[in-house]
Amino acid sequence: MKLSRISAIAAVAMTMPLAVVGEAAAQNEQFIPSLVYRTGAYAPNGIPFANGVNDYMAMLNDRDGGVNGVKIVLEECETGYATDRGVECYERLKGKGPTGAAAVSPLSTGITFALTEKAPADKIPLLTMGYGRSESADGSVFSWNFPLLGTYWSAADILIQHVAKKGSLKGKKIVLVYHDSPYGKEPIPVLQDHAKKHGYTFEPIPVTHPGVEQKAVWLKIRQGRPDYVFLWGWGVMNSTSIKEAAAVNYPRDKMYGVWWSGAEPDVLPAGDGAKGYNALALHPAGTVYEVHKDVFKHLYDKGKGMAKRDEVGHVLYNRGLINAMLTIEAIKTAQAKFGKKPMTGDQVRWGFENLNLTAAHIKALGFDGLVSPLKVSCADHEGARKARIQQWDGKQWVYTTEWIEADTKYLRPKMEAAAKAYAAEKKIEARNCAKQS
Amino acid sequence: MIYREAGQFKTTYRADQAVFPILQDRIAILLILAVAFIGVPALASDYLFLAILIPFLILSMAAIGLNILVGYCGQISLGTGGFMAVGAYAAYNIALRVPELNLLIVFLLAGGCAALVGVLFGIPSLRIKGFYLAVATLAAQFFLDWLFSRVGWFTNYTASGSVTAPQLKFFGYIVHAPTGKYLLCLCLVTVAAVVAKNLVRGRLGRSWMAIRDMDIAAEIIGIRPLQAKLSAFAVSSFFIGVSGALWAFVYLESWEPLAFDINRSFSLLFMVIIGGLGSILGCFLGAAFITIMPIFLNQVPAALGIPLSTATVSHLEFMIFGALIVFFLIVEPHGLARLWAIGKQKLRLWPFPH
Amino acid sequence: MGPFIEVVLGGLLAGVLYSLVALGFVLIFKASGVFNFAQGAMVLFAALSLVRLMSGELSAVHYWGAAAVLGVAVGYVLLLFWRRARPAAAPGRGASWGLIGVFGLIGAALAALHGTAGWSGWVAIPATAAIMGLLAVAIERLVLRPLVNQEPIILFMATIGITFFIDGFGQTIWGSEIYTLDLGIPKDPMFLLESVFEGGILVNKLDIFAAAIAGVLVAVLAVFFQKTRIGRALRAVADDHQAAQSVGIPLNQIWIIVWTVAGFVALVAGIVWGSALGVQFSIALVALKALPVLILGGFTSVPGAIIGGLIIGMGEKLAEVYLGPVLGGGIENWFAYMLALIVLLFRPQGLFGERIIERI
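Here the protein sequences come in this chain order: V, Y and A.
For the first sequence, my numbering assigns the number 1 to the initial residue and increments by one for each residue that follows.
For the second sequence, my numbering assigns the number 1 to the initial residue and increments by one for each residue that follows.
For the third sequence, my numbering assigns the number 1 to the initial residue and increments by one for each residue that follows.
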């Protein structure tokens with residue numbers, strides 16, 4: 001019992017220097033937390049993403065002195081992809097800086113679920129770009145969630161659209177190999193729905209965390225001979241899947257990964273075995289874009305970048321850049337309304353909701369070719385729901401299709417129904433989006 | 001000089017059997033409780049509550065549960081995370097299906113469910129001992145992890161497998177502020193500690209310790225290993241289950257089975273060992289140590305202005321953590337509680353050691 | 001029938017890998033009574049060291065350091081042989097250390113001449129083995145010796161501490177991304193008996209290779225334990241610590257040797273696992289797959305580890321493929337434990353463990 005006292009003292013003593021540092025810092029700072037995982041089973045994918053986010057913010061600080069004259073302060077916190085550590089990081093960082101955290105990108109669907117309960121009370125928007133709760137695209141219920149660029153339901157729909165184009169799915173068999181977590185389970189309802197509509201048989205096969213144990217899964221696939229295998233993996237699970245597919249000789253060009261299963265660390269370890277593997281792409285890899293010139297000029301030429309120079313432009317690195325860019329643009333949008341000072345989470349939420357990236361705007365930012373235009377509204381927190389299919393040719397990712405857009409007519413009612421159920425469970429009153437400015 | 005019991009005479013059996021026979025201890029405990037119940041809520045920040053104090057209190061309760069099993073009854077368990085998950089999911093389901101039930105009763109029932117499961121997985125302990133048992137309890141851990149992610153009924157068939165706790169509502173009052181949550185946890189943990197302390201001092205506790213020290217000898221003097229071992233599993237799992245429910249409802253609010261994975265089991269075992277096997281105080285010391293250490297390690301370099309990359313910090317955290325565990329085991333295998341006892345002994349003589 | 005055989009074969013071959021890890025546990029448990037939870041971390045550490053030494057992407061300091069460790073190890077072994085062959089002419093204590101130091105310097109110098117290009121397997125594997133030896137010495141000195149005579153549970157906890165330390169340390173110095181280990185082991189699938197079954201029976205060459213390596217390793221260990229002086233000393237220690245000590249077997253040295261041997265086993269396991277899955281933090285988790293193997297086979301039995309591994313590997317793959325669809329899949333993790341648990345209820349000491357005799 002003595003120890004509540006000891007711990008209280010220790011805790012106070014520990015937070016004291018931090019509080020002092022916080023006070024002493026300039027007030028003209030925008031604090032942005034960054035939940036990352038640079039260790040553990042998911043580090044191969046977490047590292048490039050975190051590097052991208054970090055580099056973009058550092059580049060802005062160097063090039064423009066921040067965002068509209070407000071210096072950006074980024075602080076990373078290691079979550080290891082674990083929900084409880086993610087919550088801990090969030091609690092630690094949410095109140096830092098003069099205006100608190102501007103926005104949080106949990107980079108984990110599990111953490112997103114946990115924070116969805118906490119963010120409204122703390123008034124901090126959650127940017128879950130290309131992941132998170134699918135029904136949170138309905139902004140009237142999920143005011144604080146922004147699954148920009150696409151949800152997993154959109155992803156599943158796009159994949160089905162693509163394979164349906166290759167020939168009727170009637171009587172075919174599709175297997176989903178998924179990470180046994182909220183992330184991997186997200187697409188199942190849509191794929192099941194489509195199975196009824198298109199007449200294919202659908203079999204989900206879970207892979208337990210962290211996903212290095214897949215021999216049995218692929219033996220099953222070899223016996224079942226599905227026509228397509230969809231892969232919803234993350235971290236080492238991705239490369240293991242591709243290796244095991246090669247080991248049982250399952251044709252890699254019949255495999256389709258979600259956009260989190262389509263990066264360099266997923267295919268490179270499999271070597272030649274990955275040739276022909278397909279994945280969804282939210283954006284291209286490469287360094288030919290304007291923004292990379294600035295990143296090289298302001299960081300790498302000065303020896304300051306976070307990544308290795310030749311890893312700049314990898315898929316997940318670019319995704320980190322885009323994630324950072326969207327956060328910054330939301331802040332800028334908010335600043336246009338509330339003034340050029342550090343924004344609070346509440347104001348940044350407004351910024352996200354009124355984010356409108358036109359083609360010209362994107363070009364001015366140097367993201368021309370990396371991001372397609374998107375417009376967020378109160379009702380639609382997804383903004384855009386398009387992806388392309390890319391194929392690994394042994395050296396790089398090559399696009400094999402044009403942009404495919406998810407079917408809103410089918411997804412929207414489903415999404416709204418799920419959001420309504422959530423609102424009923426949580427007793428949230430949905431906002432009337434017609435009245436929102 | 002201050003901490004001296006000379007002049008305090010025990011004139012009744014009651015006085016002799018008190019939990020804290022020494023006056024100064026009683027005063028200290030009352031002071032600490034006063035600080036915990038009045039001082040801390042008045043002073044602490046939200047961050048302190050949410051990120052440190054609440055997890056610390058909940059994990060202390062789990063550690064008390066585990067310590068009953070490992071420290072008092074000598075049965076090593078690596079399935080603590082699984083039992084916490086039982087508590088969490090039981091509470092979720094009871095609250096979901098019987099919404100009018102008071103949450104306190106829900107927590108107690110959740111503890112009850114965990115106790116049942118604990119007894120079930122405790123049965124092998126009648127035949128298996130030592131490391132074999134430790135590994136066997138891992139079966140509970142992995143099986144329960146799997147069960148809650150795979151059987152839809154437990155998660156009310158949510159598509160994602162992630163569930164959300166209902167509002168914390170007690171007697172019509174909604175606990176939402178960090179202070180309220182803190183006080184809730186504090187009350188429950190205080191009760192748990194008092195109950196546990198009295199249990200281990202009583203007949204049941206003594207039979208556990210007899211089993212721990214030598215089970216065959218204990219059997220010969222008339223202690224039934226079946227009852228002793230299974231009751232230890234039940235009581236231990238009860239506390240762990242309640243703490244699991246609290247962890248889910250109060251701390252995480254929305255969770256998935258991965259929140260109760262094997263790492264949780266290990267960290268609880270560390271708490272018990274570093275805090276001190278067979279000591280209720282040790283549970284608190286261990287929980288404080290394990291909760292605060294990573295946060296401390298994470299923040300100190302930043303506070304000192306040493307720029308370290310996130311990866312290095314978390315690797316360093318692993319290393320320091322490992323090294324500290326080994327260090328503690330070498331310096332004081334009986335944990336922080338023993339250090340505290342030694343300190344108390346020294347204090348008795350201070351400042352005139354002769 | 002074809003698919004069934006395939007699953008059984010695949011399971012057996014996966015079981016070989018579990019056995020490799022379990023073997024490391026058994027060696028240490030036999031010789032020192034320590035349940036070494038750090039075996040998985042040692043597998044990771046060995047694999048990481050090897051793959052990163054071969055990659056040539058690290059700073060020069062890493063290579064100098066590794067080469068120096070290799071040099072010291074070579075020097076130490078040579079010195080041992082010298083002492084054995086000509087005890088009279090062998091150098092004294094101080095001179096020995098000097099000599100060993102010179103070897104270390106030579107190693108570092110050679111590495112400096114070689115530059116930071118990646119090493120070939122022929123250098124990197126011995127260097128990694130030397131590093132594992134150094135690790136064993138460090139563990140013995142810093143952890144085991146101060147904890148001598150403590151209860152087994154305390155030692156077990158200490159090895160968990162070691163696990164954390166090695167995990168962090170390995171990733172700090174070698175990096176935490178995913179690395180491809182390519183030692184030229186073939187990986188492509190083969191199809192057997194295509195005339196008998198439709199589609200043939202799929203066997204992966206890598207698995208066959210792994211099984212062969214495991215077989216060789218077990219044979220080498222058997223010879224080592226049965227025929228060499230050190231091996232006999234190890235067996236004596238395993239039988240009775242005090243008796244062994246009283247006939248003049250130095251326990252501390254034995255511990256270092258046995259931890260080094262466990263380190264070599266970890267290296268072999270790391271090579272096999274790393275070639276199959278890539279080297280990344282997750283391979284430390286194979287320790288958890290080896291635990292049911294251990295309790296099934298018994299903590300003290302080398303054949304038990306092998307046969308236990310095969311049973312567990314086959315059992316869990318069969319369960320996953322044939323029971324999995326009924327139960328919802330993903331059952332192989334707990335199935336192995338349940339299988340072991342059921343066996344334990346009938347044989348509390350495992351299939352091959354020594355009978356536990358308790359006295360008051």
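For the record, the hints were derived by calculation from the structure and aren't laboratory data.
Being a predicted model, the structure only gives us computed values, none of them experimental.
We treat Cβ as the ideally placed atom computed from N, Cα and C, and that holds for glycine.
Hints may contain errors.
Here are some chain Y residues the structure puts well away from chain V; computed CB gaps all over 12 Å [claimed, not checked]:
hint: 1; residue: Y47
hint: 2; residue: L104
hint: 3; residue: A165
hint: 4; residue: N198
hint: 5; residue: A311
Straight-line C-alpha distance at most 16 Å; calculated EDC-like pairs for lysine to aspartate or glutamate [said to hold, decoys possible]:
hint: 6; chain 1: V; residue 1: K118; chain 2: Y; residue 2: E100
hint: 7; chain 1: V; residue 1: K426; chain 2: Y; residue 2: E253
hint: 8; chain 1: Y; residue 1: K129; chain 2: A; residue 2: E151
hint: 9; chain 1: V; residue 1: K123; chain 2: Y; residue 2: D46
hint: 10; chain 1: V; residue 1: K308; chain 2: A; residue 2: E151
hint: 11; chain 1: Y; residue 1: K169; chain 2: V; residue 2: D310
One side only, chain Y facing chain V, incomplete, derived with CB under 10 Å [stated by the list, open to error]:
hint: 12; residue: E5
hint: 13; residue: A6
hint: 14; residue: Q8
hint: 15; residue: L50
hint: 16; residue: R150
hint: 17; residue: S160
hint: 18; residue: G161
hint: 19; residue: Q167
hint: 20; residue: N298
hint: 21; residue: V313
hint: 22; residue: H315
hint: 23; residue: E317
hint: 24; residue: F318
hint: 25; residue: I330
hint: 26; residue: E332
hint: 27; residue: H334
- [ ] May I ask you to check that A311(Y) keeps its beta-carbon over 12 Å from the closest beta-carbon of chain V?
- [x] 4 Å, violated
Task: Minimum Cβ-Cβ distance from L104(Y) to chain V exceeds 12 Å - done: 21 Å, holds
Open item on the list: Against the 16 Å threshold, does the CA-CA distance of K118(V) and E100(Y) hold or violate the hint?
Closed with: 24 Å, violated
Task: Hint validity - E5(Y) Cβ closer than 10 Å to any chain V Cβ - done: 17 Å, violated
Task: Interface restraint verdict for N298(Y) against chain V (beta-carbon cut-off 10 Å) - done: Holds: closest Cβ of chain V sits about 8 Å from N298(Y), inside 10 Å.
Open item on the list: Would the hint on E317(Y) be counted as holding, given a Cβ-Cβ threshold of 10 Å to chain V?
Closed with: Since the shortest Cβ distance to chain V is 8 Å, the answer is holds.
Task: Hint check, R150(Y) versus chain V [nearest Cβ-Cβ separation less than 10 Å] - done: At 7 Å from the nearest chain V Cβ, R150(Y) passes the 10 Å test, so the hint holds.
Open item on the list: Run the distance test for K308(V) versus E151(A): straight-line Cα separation, threshold 16 Å.
Closed with: 48 Å, violated
- [ ] Using 10 Å as the Cβ threshold, decide whether Q8(Y) counts as touching chain V.
- [x] Since chain V brings no Cβ nearer than about 20 Å to Q8(Y), farther than 10 Å, the hint is violated.
Task: Agreement of hint V313(Y) with chain V interface, Cβ distance less than 10 Å - done: 7 Å, holds
Open item on the list: Restraint: H315(Y) near chain V, CB-CB cut 10 Å. Satisfied or not?
Closed with: 6 Å, holds
TODO: Please settle this one: A165(Y) was flagged as non-interface, so is its CB more than 12 Å from every CB on chain V?
DONE: Label violated. Min Cβ-Cβ 8 Å, cutoff 12 Å.
Hints 1, 3, 5, 6, 10, 11, 12, 13, 14, 25, 26, 27, counting from the list given before, are not met by this structure.
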